[in-house]
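Asks: Sequence:
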Amino acid sequence: MKAYVFPGQGAQFTGMGKDLYENSTIAQELFEKANEILGFSITDIMFEGNAEELKETKVTQPAVFLHSVILAKTLENFNPEMVAGHSLGEFSALVANGTLSFEDGLKLVSKRALAMQKACEIQPSTMAAVLNLEDKIVEDICASIDGVVVAANYNCPGQLVISGEYKAVEEACEKMKEAGAKRALILPVGGAFHSPMMEPAREELAAAIEATTFSTPICPVYQNVTASAVSDADEIKKNLIIQLTAPVKWTQSVNQMIADGATSFTEVGPGKVLVGLVNKINKEVETISA
0 MKAYVFPGQG AQFTGMGKDL YENSTIAQEL FEKANEILGF SITDIMFEGN AEELKETKVT
60 QPAVFLHSVI LAKTLENFNP EMVAGHSLGE FSALVANGTL SFEDGLKLVS KRALAMQKAC
120 EIQPSTMAAV LNLEDKIVED ICASIDGVVV AANYNCPGQL VISGEYKAVE EACEKMKEAG
180 AKRALILPVG GAFHSPMMEP AREELAAAIE ATTFSTPICP VYQNVTASAV SDADEIKKNL
240 IIQLTAPVKW TQSVNQMIAD GATSFTEVGP GKVLVGLVNK INKEVETISA
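As numbered in numbering that gives the first Met the number 0, residues 0 to 289 make up the sequence shown, in order.
Please note: incorrect hints may appear among the correct ones.
[What the hints assert, rightly or not] Dumping the calculated EDC-like pairs for lysine to aspartate or glutamate here, alpha-carbon to alpha-carbon at most 16 Å:
1) Lys181 / Glu133
2) Lys1 / Glu21
3) Lys236 / Glu203
4) Lys174 / Glu202
5) Lys176 / Asp139
6) Lys117 / Glu203
7) Lys1 / Glu285
8) Lys174 / Glu209
9) Lys57 / Glu120
10) Lys110 / Asp18
11) Lys106 / Glu203
12) Lys110 / Glu209
13) Lys72 / Asp18
14) Lys17 / Glu28
15) Lys271 / Glu285
16) Lys174 / Glu203
17) Lys106 / Glu209
18) Lys279 / Glu120
19) Lys110 / Asp259
20) Lys248 / Glu133
21) Lys1 / Glu198
22) Lys174 / Glu198
23) Lys236 / Glu202
[Unchecked claim] Distance ranges between label pairs, derived from CB positions:
24) Leu184 / Glu51: 18 to 24 Å
25) Glu198 / Asp259: 14 to 20 Å
26) Gln116 / Gly179: 17 to 23 Å
Hints were generated in silico from the structure; no laboratory data involved. Every residue, glycine too, gets a C-beta built ideally from N, C-alpha and C.
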(Lines of atoms letter the chains of each structure in order from A and count residues from 1; the text may use other names and numbers.)
(Lines give C-alpha, C1' and ligand atoms only; values in the text may rest on other atoms or scores of the structure.)
Protein backbone atom coordinates (compact mmCIF):
# COMPACT_ATOMS: atom_id res chain seq x y z
CA MET A 1 0.00 0.00 0.00
CA LYS A 2 1.10 3.56 -0.75
CA ALA A 3 1.37 5.98 2.16
CA TYR A 4 1.74 9.71 1.66
CA VAL A 5 3.26 11.85 4.43
CA PHE A 6 3.32 15.61 4.83
CA PRO A 7 5.98 17.67 6.67
CA GLY A 8 5.49 20.33 9.33
CA GLN A 9 7.05 23.65 10.31
CA GLY A 10 10.80 23.85 9.74
CA ALA A 11 10.76 22.37 6.22
CA GLN A 12 10.45 25.79 4.54
CA PHE A 13 13.14 27.19 2.21
CA THR A 14 13.60 30.33 0.12
CA GLY A 15 12.07 29.95 -3.35
CA MET A 16 9.71 27.17 -2.26
CA GLY A 17 6.83 26.50 -4.64
CA LYS A 18 8.14 28.76 -7.43
CA ASP A 19 8.74 25.85 -9.82
CA LEU A 20 5.19 24.58 -9.17
CA TYR A 21 3.75 28.01 -9.97
CA GLU A 22 5.76 28.31 -13.18
CA ASN A 23 4.94 24.85 -14.48
CA SER A 24 1.29 24.29 -13.62
CA THR A 25 -1.89 26.28 -14.22
CA ILE A 26 -3.60 24.39 -11.36
CA ALA A 27 -0.78 25.50 -9.05
CA GLN A 28 -1.04 29.11 -10.29
CA GLU A 29 -4.78 29.23 -9.60
CA LEU A 30 -4.38 27.77 -6.09
CA PHE A 31 -1.50 30.08 -5.16
CA GLU A 32 -3.48 33.13 -6.33
CA LYS A 33 -6.52 31.90 -4.38
CA ALA A 34 -4.26 31.56 -1.30
CA ASN A 35 -3.08 35.20 -1.63
CA GLU A 36 -6.74 36.24 -1.72
CA ILE A 37 -7.75 34.14 1.33
CA LEU A 38 -4.76 35.25 3.44
CA GLY A 39 -5.08 38.92 2.51
CA PHE A 40 -1.37 39.28 1.67
CA SER A 41 0.92 37.99 -1.07
CA ILE A 42 2.38 34.85 0.47
CA THR A 43 3.70 33.89 -2.97
CA ASP A 44 6.02 36.93 -2.96
CA ILE A 45 7.54 35.77 0.35
CA MET A 46 7.70 32.10 -0.66
CA PHE A 47 9.27 32.74 -4.07
CA GLU A 48 11.43 35.81 -3.40
CA GLY A 49 11.55 36.37 0.39
CA ASN A 50 14.52 35.72 2.65
CA ALA A 51 14.84 33.12 5.42
CA GLU A 52 13.88 35.66 8.11
CA GLU A 53 10.60 36.58 6.39
CA LEU A 54 9.79 32.89 5.86
CA LYS A 55 10.40 32.18 9.56
CA GLU A 56 7.49 34.38 10.68
CA THR A 57 4.86 31.99 12.09
CA LYS A 58 1.99 33.61 10.14
CA VAL A 59 3.99 32.87 6.96
CA THR A 60 5.76 29.59 7.75
CA GLN A 61 2.76 27.43 8.48
CA PRO A 62 0.62 28.49 5.48
CA ALA A 63 3.73 28.32 3.23
CA VAL A 64 4.56 24.72 4.14
CA PHE A 65 0.87 23.76 3.90
CA LEU A 66 0.53 25.38 0.45
CA HIS A 67 3.69 23.76 -0.91
CA SER A 68 2.52 20.30 0.24
CA VAL A 69 -1.12 20.56 -0.84
CA ILE A 70 -0.44 22.16 -4.22
CA LEU A 71 2.35 19.64 -4.95
CA ALA A 72 -0.10 16.80 -4.14
CA LYS A 73 -2.69 18.29 -6.50
CA THR A 74 -0.16 18.41 -9.36
CA LEU A 75 1.15 14.85 -8.91
CA GLU A 76 0.18 12.27 -11.53
CA ASN A 77 -1.73 9.23 -10.25
CA PHE A 78 -2.14 10.65 -6.75
CA ASN A 79 -4.25 7.95 -5.13
CA PRO A 80 -3.29 7.72 -1.47
CA GLU A 81 -4.30 4.60 0.44
CA MET A 82 -3.23 6.12 3.77
CA VAL A 83 -1.95 9.56 4.81
CA ALA A 84 -0.27 11.18 7.80
CA GLY A 85 1.26 14.56 8.56
CA HIS A 86 3.77 15.68 11.15
CA SER A 87 2.13 18.34 13.36
CA LEU A 88 1.11 21.12 10.90
CA GLY A 89 1.43 18.48 8.14
CA GLU A 90 -1.72 16.79 9.44
CA PHE A 91 -3.75 19.65 7.91
CA SER A 92 -2.08 19.03 4.51
CA ALA A 93 -2.87 15.31 4.88
CA LEU A 94 -6.53 16.11 5.58
CA VAL A 95 -6.82 18.14 2.37
CA ALA A 96 -5.02 15.39 0.44
CA ASN A 97 -7.50 12.72 1.60
CA GLY A 98 -10.57 14.92 1.05
CA THR A 99 -11.52 15.57 4.69
CA LEU A 100 -10.98 19.32 4.28
CA SER A 101 -11.35 21.58 1.26
CA PHE A 102 -8.28 23.55 0.14
CA GLU A 103 -9.87 26.81 1.27
CA ASP A 104 -10.94 25.54 4.69
CA GLY A 105 -7.58 23.87 5.28
CA LEU A 106 -5.72 27.10 4.53
CA LYS A 107 -8.01 29.19 6.75
CA LEU A 108 -7.52 26.78 9.67
CA VAL A 109 -3.74 26.71 9.20
CA SER A 110 -3.62 30.51 9.16
CA LYS A 111 -5.75 30.67 12.35
CA ARG A 112 -3.56 27.99 13.95
CA ALA A 113 -0.38 29.95 13.19
CA LEU A 114 -1.74 33.20 14.68
CA ALA A 115 -3.20 31.43 17.74
CA MET A 116 0.12 29.68 18.40
CA GLN A 117 2.01 32.94 18.01
CA LYS A 118 -0.25 34.57 20.62
CA ALA A 119 0.17 31.63 23.01
CA CYS A 120 3.96 31.88 22.66
CA GLU A 121 3.87 35.53 23.73
CA ILE A 122 2.02 34.80 27.00
CA GLN A 123 4.94 33.05 28.72
CA PRO A 124 8.56 32.26 27.72
CA SER A 125 8.64 28.67 26.54
CA THR A 126 10.73 26.49 24.24
CA MET A 127 11.53 23.01 22.91
CA ALA A 128 14.65 20.84 22.98
CA ALA A 129 15.85 17.83 20.99
CA VAL A 130 17.04 14.82 22.98
CA LEU A 131 19.20 12.26 21.19
CA ASN A 132 20.02 8.65 22.05
CA LEU A 133 17.94 8.26 25.17
CA GLU A 134 15.08 5.81 25.62
CA ASP A 135 11.60 7.33 25.49
CA LYS A 136 10.74 6.04 28.96
CA ILE A 137 13.80 7.74 30.53
CA VAL A 138 12.90 11.03 28.80
CA GLU A 139 9.31 10.79 30.03
CA ASP A 140 10.40 9.97 33.59
CA ILE A 141 12.84 12.89 33.72
CA CYS A 142 10.15 15.28 32.42
CA ALA A 143 7.76 14.02 35.11
CA SER A 144 10.39 14.63 37.81
CA ILE A 145 10.89 18.32 36.96
CA ASP A 146 9.09 21.02 38.92
CA GLY A 147 7.41 23.02 36.14
CA VAL A 148 5.84 22.29 32.75
CA VAL A 149 7.97 20.06 30.51
CA VAL A 150 6.66 17.12 28.46
CA ALA A 151 7.63 14.78 25.62
CA ALA A 152 6.29 16.55 22.52
CA ASN A 153 7.54 14.82 19.36
CA TYR A 154 8.36 11.12 19.09
CA ASN A 155 10.26 11.58 15.81
CA CYS A 156 12.15 8.28 15.51
CA PRO A 157 13.92 5.87 17.85
CA GLY A 158 16.54 7.86 19.77
CA GLN A 159 15.16 11.25 18.73
CA LEU A 160 12.58 12.84 20.97
CA VAL A 161 11.66 16.52 21.36
CA ILE A 162 10.60 17.92 24.73
CA SER A 163 8.54 21.06 25.21
CA GLY A 164 7.54 23.42 28.03
CA GLU A 165 8.50 26.36 30.24
CA TYR A 166 11.99 27.66 29.47
CA LYS A 167 13.46 26.98 32.91
CA ALA A 168 11.90 23.50 33.14
CA VAL A 169 13.21 22.54 29.67
CA GLU A 170 16.73 23.73 30.57
CA GLU A 171 16.67 21.73 33.80
CA ALA A 172 15.38 18.65 31.96
CA CYS A 173 18.19 18.97 29.38
CA GLU A 174 20.82 18.87 32.14
CA LYS A 175 19.23 15.75 33.66
CA MET A 176 18.98 14.09 30.21
CA LYS A 177 22.73 14.61 29.66
CA GLU A 178 23.45 13.16 33.10
CA ALA A 179 21.28 10.17 32.18
CA GLY A 180 23.41 9.52 29.08
CA ALA A 181 21.76 11.50 26.28
CA LYS A 182 24.17 12.09 23.38
CA ARG A 183 22.68 15.59 23.09
CA ALA A 184 19.95 17.64 24.73
CA LEU A 185 19.76 20.82 22.73
CA ILE A 186 17.42 23.83 23.00
CA LEU A 187 15.82 24.44 19.58
CA PRO A 188 15.43 27.85 17.89
CA VAL A 189 11.63 27.81 18.05
CA GLY A 190 9.10 30.42 19.12
CA GLY A 191 7.48 28.44 21.90
CA ALA A 192 6.44 25.18 23.52
CA PHE A 193 4.40 23.48 20.79
CA HIS A 194 2.53 20.25 21.63
CA SER A 195 2.56 20.99 25.34
CA PRO A 196 0.05 22.35 27.91
CA MET A 197 1.54 25.81 27.15
CA MET A 198 -0.52 25.78 23.92
CA GLU A 199 -3.86 25.62 25.77
CA PRO A 200 -4.88 29.22 24.82
CA ALA A 201 -4.19 28.38 21.15
CA ARG A 202 -6.08 25.08 21.41
CA GLU A 203 -9.18 26.88 22.71
CA GLU A 204 -9.02 29.46 19.92
CA LEU A 205 -8.46 26.87 17.19
CA ALA A 206 -11.16 24.56 18.61
CA ALA A 207 -13.86 27.14 17.82
CA ALA A 208 -12.64 27.46 14.22
CA ILE A 209 -12.40 23.67 13.75
CA GLU A 210 -15.89 23.13 15.20
CA ALA A 211 -17.29 25.65 12.70
CA THR A 212 -15.62 23.93 9.71
CA THR A 213 -17.13 21.15 7.59
CA PHE A 214 -15.19 17.88 7.74
CA SER A 215 -16.08 15.32 5.04
CA THR A 216 -15.64 11.54 5.04
CA PRO A 217 -12.11 10.95 3.69
CA ILE A 218 -11.17 8.77 0.70
CA CYS A 219 -8.60 6.97 2.86
CA PRO A 220 -7.66 6.88 6.55
CA VAL A 221 -5.43 9.46 8.21
CA TYR A 222 -3.01 8.28 10.90
CA GLN A 223 -3.37 11.10 13.38
CA ASN A 224 -0.58 12.44 15.60
CA VAL A 225 -2.67 12.06 18.75
CA THR A 226 -3.74 8.42 18.29
CA ALA A 227 -1.08 6.95 15.93
CA SER A 228 -3.91 4.91 14.42
CA ALA A 229 -6.07 4.93 11.27
CA VAL A 230 -9.02 7.30 11.53
CA SER A 231 -11.77 7.65 8.90
CA ASP A 232 -14.63 9.12 10.91
CA ALA A 233 -14.98 12.87 10.28
CA ASP A 234 -16.10 13.68 13.84
CA GLU A 235 -13.24 11.70 15.36
CA ILE A 236 -10.73 13.41 13.04
CA LYS A 237 -12.08 16.78 14.17
CA LYS A 238 -11.79 15.86 17.86
CA ASN A 239 -8.19 14.61 17.47
CA LEU A 240 -7.19 17.70 15.50
CA ILE A 241 -8.35 19.93 18.37
CA ILE A 242 -6.35 17.90 20.93
CA GLN A 243 -3.26 17.92 18.68
CA LEU A 244 -1.91 21.34 19.75
CA THR A 245 -1.42 20.34 23.39
CA ALA A 246 -0.67 16.62 22.84
CA PRO A 247 2.50 14.87 21.63
CA VAL A 248 3.16 14.03 17.97
CA LYS A 249 3.40 10.22 17.92
CA TRP A 250 5.31 10.01 14.65
CA THR A 251 7.33 6.85 15.33
CA GLN A 252 4.18 5.07 16.51
CA SER A 253 2.19 6.31 13.47
CA VAL A 254 4.77 5.08 10.95
CA ASN A 255 5.05 1.69 12.68
CA GLN A 256 1.24 1.36 12.65
CA MET A 257 1.04 2.28 8.95
CA ILE A 258 3.61 -0.42 8.18
CA ALA A 259 1.71 -2.93 10.34
CA ASP A 260 -1.43 -2.02 8.37
CA GLY A 261 0.27 -2.72 5.02
CA ALA A 262 2.26 0.38 3.96
CA THR A 263 5.08 -0.69 1.65
CA SER A 264 6.15 2.77 0.42
CA PHE A 265 6.16 6.26 1.91
CA THR A 266 6.09 9.34 -0.34
CA GLU A 267 6.90 12.67 1.31
CA VAL A 268 4.89 15.49 -0.26
CA GLY A 269 6.17 18.99 0.48
CA PRO A 270 9.36 20.94 1.04
CA GLY A 271 12.45 19.06 2.21
CA LYS A 272 13.11 15.40 3.02
CA VAL A 273 12.83 15.41 6.81
CA LEU A 274 10.10 12.75 6.99
CA VAL A 275 11.83 10.45 4.50
CA GLY A 276 14.84 10.55 6.85
CA LEU A 277 12.69 9.78 9.90
CA VAL A 278 10.85 6.91 8.18
CA ASN A 279 14.21 5.39 7.16
CA LYS A 280 15.35 5.52 10.79
CA ILE A 281 12.09 3.94 11.99
CA ASN A 282 12.14 1.13 9.41
CA LYS A 283 14.95 0.46 6.91
CA GLU A 284 12.93 -2.04 4.86
CA VAL A 285 10.21 0.22 3.44
CA GLU A 286 10.63 2.23 0.25
CA THR A 287 10.82 6.02 0.69
CA ILE A 288 10.27 8.60 -2.04
CA SER A 289 10.45 12.39 -2.07
CA ALA A 290 7.76 13.78 -4.40
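Asks: Hint by hint, say whether it matches the structure.
Replies: Evaluated hints:
no., hint, verdict
1, Lys181 / Glu133, "holds (11 Å)"
2, Lys1 / Glu21, "violated (28 Å)"
3, Lys236 / Glu203, "holds (14 Å)"
4, Lys174 / Glu202, "violated (32 Å)"
5, Lys176 / Asp139, "holds (14 Å)"
6, Lys117 / Glu203, "holds (10 Å)"
7, Lys1 / Glu285, "holds (10 Å)"
8, Lys174 / Glu209, "violated (40 Å)"
9, Lys57 / Glu120, "holds (14 Å)"
10, Lys110 / Asp18, "violated (27 Å)"
11, Lys106 / Glu203, "holds (13 Å)"
12, Lys110 / Glu209, "holds (13 Å)"
13, Lys72 / Asp18, "holds (14 Å)"
14, Lys17 / Glu28, "holds (13 Å)"
15, Lys271 / Glu285, "holds (14 Å)"
16, Lys174 / Glu203, "violated (34 Å)"
17, Lys106 / Glu209, "holds (13 Å)"
18, Lys279 / Glu120, "violated (35 Å)"
19, Lys110 / Asp259, "violated (33 Å)"
20, Lys248 / Glu133, "holds (15 Å)"
21, Lys1 / Glu198, "violated (35 Å)"
22, Lys174 / Glu198, "violated (26 Å)"
23, Lys236 / Glu202, "holds (14 Å)"
24, Leu184 / Glu51: 18 to 24 Å, "holds (22 Å)"
25, Glu198 / Asp259: 14 to 20 Å, "violated (32 Å)"
26, Gln116 / Gly179: 17 to 23 Å, "violated (36 Å)"
Going down the numbered hints, you'll see the structure goes against 2, 4, 8, 10, 16, 18, 19, 21, 22, 25, 26, while the others check out.
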